[in-house]
Amino acid sequence: MLRIWIVLLLILVSTAVKSQSCFETTGLIETNNGKVVAALTTSWDGMVPLAGISTNEKLFGEFLACIDHKFIINTENRSSGSITQSVSEIFESSEQYVLTRLYHAETFDLWEISFPDLKPESWRWLSNYKKLQHVFAPKNVVPNIAFVKKLSSDGEKSSTKRNSTSRRPLSHYFSELWKSSTGEGVKVAVIDDGFNLDHPSLGLQKPQITSHKSSNENHHGTLVATSLFALHQAQYQFGISPDAQFVPLPLNQTYTSDLIKLFATAKSKHVDVINLSWVLPLITQPLTHVIEDLSIHGRQNKGIIIVAAAGNALPEFKGVLSLAGIESIIAVNGIRARNSKPMMARGDYIDIGAPSSFLTNHPANVNSTIKFSGSSAATAFVSGLAALALARCPSLTNDEFQTHLYKTAVKVDPAYQQHVGAGEVDIQRFWQRLEDHCKA
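Residues -19 to -1, 1 to 421, numbered by mature numbering (1 follows the signal peptide of the UniProt record, and there is no 0), are exactly what the sequence shown covers, in order.
Do not rely on the hints blindly, as some may be mistaken.
Computed list of lysine to any residue pairs in SDA-like fashion (alpha-carbon distance at most 25 Å, straight line) [stated by the list, open to error]:
1) Lys242 to Lys160
2) Lys160 to Arg149
3) Lys392 to Thr269
4) Lys420 to Asp394
5) Lys120 to Lys242
6) Lys242 to Pro119
7) Lys283 to Thr88
8) Lys100 to Arg59
9) Lys111 to Lys160
10) Lys392 to Ser376
11) Lys283 to Glu416
12) Lys250 to Lys100
13) Lys283 to Tyr387
14) Lys100 to Thr81
15) Lys112 to Lys160
16) Lys283 to Lys100
17) Lys120 to Lys160
18) Lys242 to Lys388
19) Lys120 to Ser108
20) Lys242 to Gln214
21) Lys160 to Leu212
22) Lys283 to Lys392
23) Lys160 to Arg414
24) Lys283 to Thr269
25) Lys112 to Asn55
26) Lys120 to Arg149
27) Lys283 to Arg317
28) Lys111 to Arg149
29) Lys111 to Gln266
30) Lys250 to Thr269
Hint data in this document are derived by calculation from the structure and do not stem from the laboratory.
It should be emphasised that the depicted structure is a prediction, and the values quoted were computed from it without experimental measurement.
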């Protein structure tokens, strides 16, 4: 799998990125023929790598991120007692720390070790980091890092021109499928910036409320939620999978540990589909391990279907380095209308294109509709289709769903191929192939 070295140059500046209070760092990506040809050093003449597998592509770039007083440790085939013993031997009584298991899988565990009084700009931060690397190996210890979260939404108020192809209600696409499935029995987790769980269109749903706080002021998640779960009770208010169970997971921080906790919660809730209508330009290896584990071993080894936004613009770095670039994730780009130019995102990491401009319920004004657009909307479109498919065919695996989705996609103009991967989603062809699969 394609990976690179990511090296941090620590700058002694305390600031905030996208309202996240943090110690700001500058990172450098630079590779050539699979090897790092230059690396910036930290202020303490040390290198802080985040990932260490090579790539055949030549890349260069800088980025801003945050680090805090925590580190993430990856272990294989070791008991909790063994890990606790190793950490206690490293620090003895010299450091106050808290060790917490973030994620458990059959073949690995991820641990968070937190030093409450440790400042990232201090020499102790680097010293503790190196001590952990010495015991657990450099590749298995990474700083807890937060890349800037980007929500790929550009929703607009709907036009009065109801016949516009870019402002069609979701019933235009799914009315025939709803005769066979409305998502009943399927759990869909939405990880997003916040949800208005009191929205009337979600009124009859019974979401599994988590311990994480939701915000009624953050409406991007509400747009995704109404697109997926809005009740079929009025014109232009059709959720794609209205009878699926909504599992809201508010994303308050983008630190690696926070993201892993959300995916661990999704796993504990036994979800079938995870919707990620946002973009992270870079990811760390622990998060990749978690997503790959869920995609393969979730749903009792049938694999959780995870769908992510490809973005509305060209990726800052190679898209394969982003969240959507993880191989097991379905990376979706937006298409406003059939045979039209897709959103600007392009690259081999994109798997498919889907309708990205349709009507949904307004997140604040419950008596009106809004045009939900961009790859955020396209991602919800595919997640909803996945919920319908799993309700119709519960034994369907993640791999089978993706195969049916890509095999039935409509080919596009070669000039657009890198924007949409396999092509444009064709709901009718997909559903016919699914029906044949379920009957077999």
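Subject >> Enumerated hints in conflict with the structure, sorted upward >> reply: Per hint list: 1, 3, 4, 8, 9, 10, 12, 15, 16, 17, 18, 20, 22, 26, 27, 28 violated.
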